[in-house]
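Engineer: As a plain string of letters, each chain reads:
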Amino acid sequence: GIQVEQSPPDLILQEGANSTLRCNFSDSVNNLQWFHQNPWGQLINLFYIPSGTKQNGRLSATTVATERYSLLYISSSQTTDSGVYFCAVWGNAGKSTFGDGTTLTVKP
Amino acid sequence: KAGVTQTPRYLIKTRGQQVTLSCSPISGHRSVSWYQQTPGQGLQFLFEYFSETQRNKGNFPGRFSGRQFSNSRSEMNVSTLELGDSALYLCASSPGALYNEQFFGPGTRLTVL
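Heads up: the protein sequence lines correspond to chains A and B, in order. Sequential numbering of the first sequence, starting at 811, is according to my numbering. Sequential numbering of the second sequence, starting at 53, is according to my numbering.
Rather than coming from a laboratory, the hints here were simulated on the basis of the structure. These numbers were taken from a predicted model, which means no experiment stands behind them. Check the hints yourself; a few may be wrong.
[To be verified] Computed beta-carbon distance windows for the label pairs:
#1 B/N111 with A/N834: 19 to 25 Å
#2 B/R119 with A/G826: 48 to 54 Å
#3 B/S131 with A/V874: 42 to 48 Å
#4 B/T132 with A/Q813: 27 to 33 Å
#5 B/S103 with A/S886: 41 to 47 Å
#6 B/G68 with A/V874: 45 to 51 Å
#7 B/T132 with A/Y879: 22 to 28 Å
#8 A/W850 with B/T72: 18 to 24 Å
#9 A/N834 with B/G136: 27 to 33 Å
#10 B/E153 with A/Y879: 16 to 22 Å
#11 B/K109 with A/Y879: 42 to 48 Å
#12 B/N152 with A/P849: 24 to 30 Å
[Said to hold, decoys possible] Stretch-level coverage of chain B by chain A, calculated; a stretch enters the list once three of its residues show a Cβ under 8 Å from a Cβ in chain A:
#13 74-86
#14 150-164
All C-beta atoms, glycine included, are put in the ideal place defined by N, C-alpha and C.
One chain only, chain B, in its complex shape (with noise of 0.2 Å):
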């Protein structure tokens, strides 16, 4: 099976911008996962979709944003870029059962200038 895949793996913007970044998941996984990983913050939860539906979300301002299709393929969206979203954006996959093992994706590494 092809694990989980996200495109662009780099990605260079200006402050104000914004940005899309996909992430498709594991075949027959129907739960993804975002994460943000900066060197000042670690590892942190954005949100995560079930279903086409968002089913659970973290701290993060309405500036992050994310969606998911029927085929489970997830977008996740930030407009108005700021030098603080510099980071490396993680995605996860997982079956579907909320407490489901999740395997994570390369990553999308996004510099703000």
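Here chain A stands alone, though its shape is the one from the complex (with noise of 0.2 Å):
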């Protein structure tokens, strides 16, 4: 199947910081999105992404299919950006895999 890999593994950041999250995938894929999982466990679609580039208020997202990765972008972070994210992709085979996500940890 196809291997997911996320990086970093965890972010520290100050309040006010940028960052940029890295998604890197094995084969073509036919789907790609980004979630945000809360503390209670929720995962919150931020950007439904198999190729180009989206933004949604501080957030943005590129994904380069040819080249096999995805980028998510935090501007101005926030205490509340705090958490897990995670990228997720679909092959052929119509089935979905998980990285294993990056902690990000925003400081006051």
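Hints in hand, dock the two standalone chains.
Structural biologist: Spelled out as structure tokens, the structure:
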């Protein structure tokens, strides 16, 4: 199956800093999503982005499908951005694979 | 629109028992997928149902099964529970096409003693 690698595994920032999270995948994909998991375990949709660039407020994402990676940018970090960020991909078989996540801690 | 709902939210069982979890998708969504999240294995795909048929399956033993009803609601069942089945079980719904965006429910936290 497709391998998904997220980096860095852990990230600690001061409030107001910017950050870039990376997701590499080993094969072509038909869907890619970024999620934020809240402290209660629910996965919150951030982006549905199999290719191209999207922006939503302080967050933006870019997927370069031909080079098999996606980036999530968080600008002007806030303490409420803390949590685990997951990248998930769907390959040709329709099955999904999640990365191990990036744990972001934003300090006041 | 109401989001994906899962019941129960918390569950405690003992080894050897069986358990049934329920998921109601977003209104109009026809696909339901199930996932298991554990600290050791991360988030893993269990199976997906579309129009009452299993469309995809992950690499889990036959003790894990599911079904979908005509109103798109889905249930998953785990028989002969093991300690390792303790996990957060997440359900996601999507409109139906194979690579539509998926939306997740709050999860059911299962503890096996």
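Engineer: Do the beta carbons of B/S131 and A/V874 sit within 42 to 48 Å of each other?
Structural biologist: At roughly 44 Å between Cβ atoms, A/V874 and B/S131 fall inside 42 to 48 Å, so the hint holds.
Engineer: Is the listed coverage of the region 74-86 of chain B by chain A valid when you require three or more residues with a beta carbon under 8 Å from a beta carbon of that chain?
Structural biologist: violated (count 1)
Engineer: If you check the beta carbons of B/E153 and A/Y879, does the distance land in 16 to 22 Å?
Structural biologist: 20 Å, holds
Engineer: Between A/W850 and B/T72, is the Cβ distance one that fits in 18 to 24 Å?
Structural biologist: 22 Å, holds
Engineer: Quick check: does the Cβ-Cβ distance between B/K109 and A/Y879 fall within 42 to 48 Å?
Structural biologist: Violated, since B/K109 and A/Y879 (Cβ atoms, about 28 Å apart) do not stay within the stated range.
Engineer: Indicate whether the distance between the beta carbons of B/T132 and A/Y879 respects the range 22 to 28 Å.
Structural biologist: 41 Å, violated
Engineer: Is the gap between the beta carbons of B/G68 and A/V874 within 45 to 51 Å?
Structural biologist: 49 Å, holds
Engineer: Taking a Cβ-Cβ distance under 8 Å as contact, does the region 150-164 of chain B have three or more residues in contact with chain A?
Structural biologist: holds (count 11)
Engineer: Against the range 27 to 33 Å, how does the distance between the Cβ atoms of B/T132 and A/Q813 compare: consistent or not?
Structural biologist: Since the Cβ atoms of B/T132 and A/Q813 sit about 31 Å apart, the hinted range of 27 to 33 Å holds.
Engineer: State, for the Cβ atoms of A/N834 and B/G136, whether the hinted interval 27 to 33 Å holds or is violated.
Structural biologist: At roughly 29 Å between Cβ atoms, B/G136 and A/N834 fall inside 27 to 33 Å, so the hint holds.
Engineer: Are B/R119 and A/G826 spaced within 48 to 54 Å by their CB atoms?
Structural biologist: Since the Cβ atoms of B/R119 and A/G826 sit about 49 Å apart, the hinted range of 48 to 54 Å holds.
Engineer: Holds or violated: 19 to 25 Å for the Cβ distance of B/N111 and A/N834?
Structural biologist: 22 Å, holds
The structure shown violates the earlier hints numbered 7, 11 and 13.
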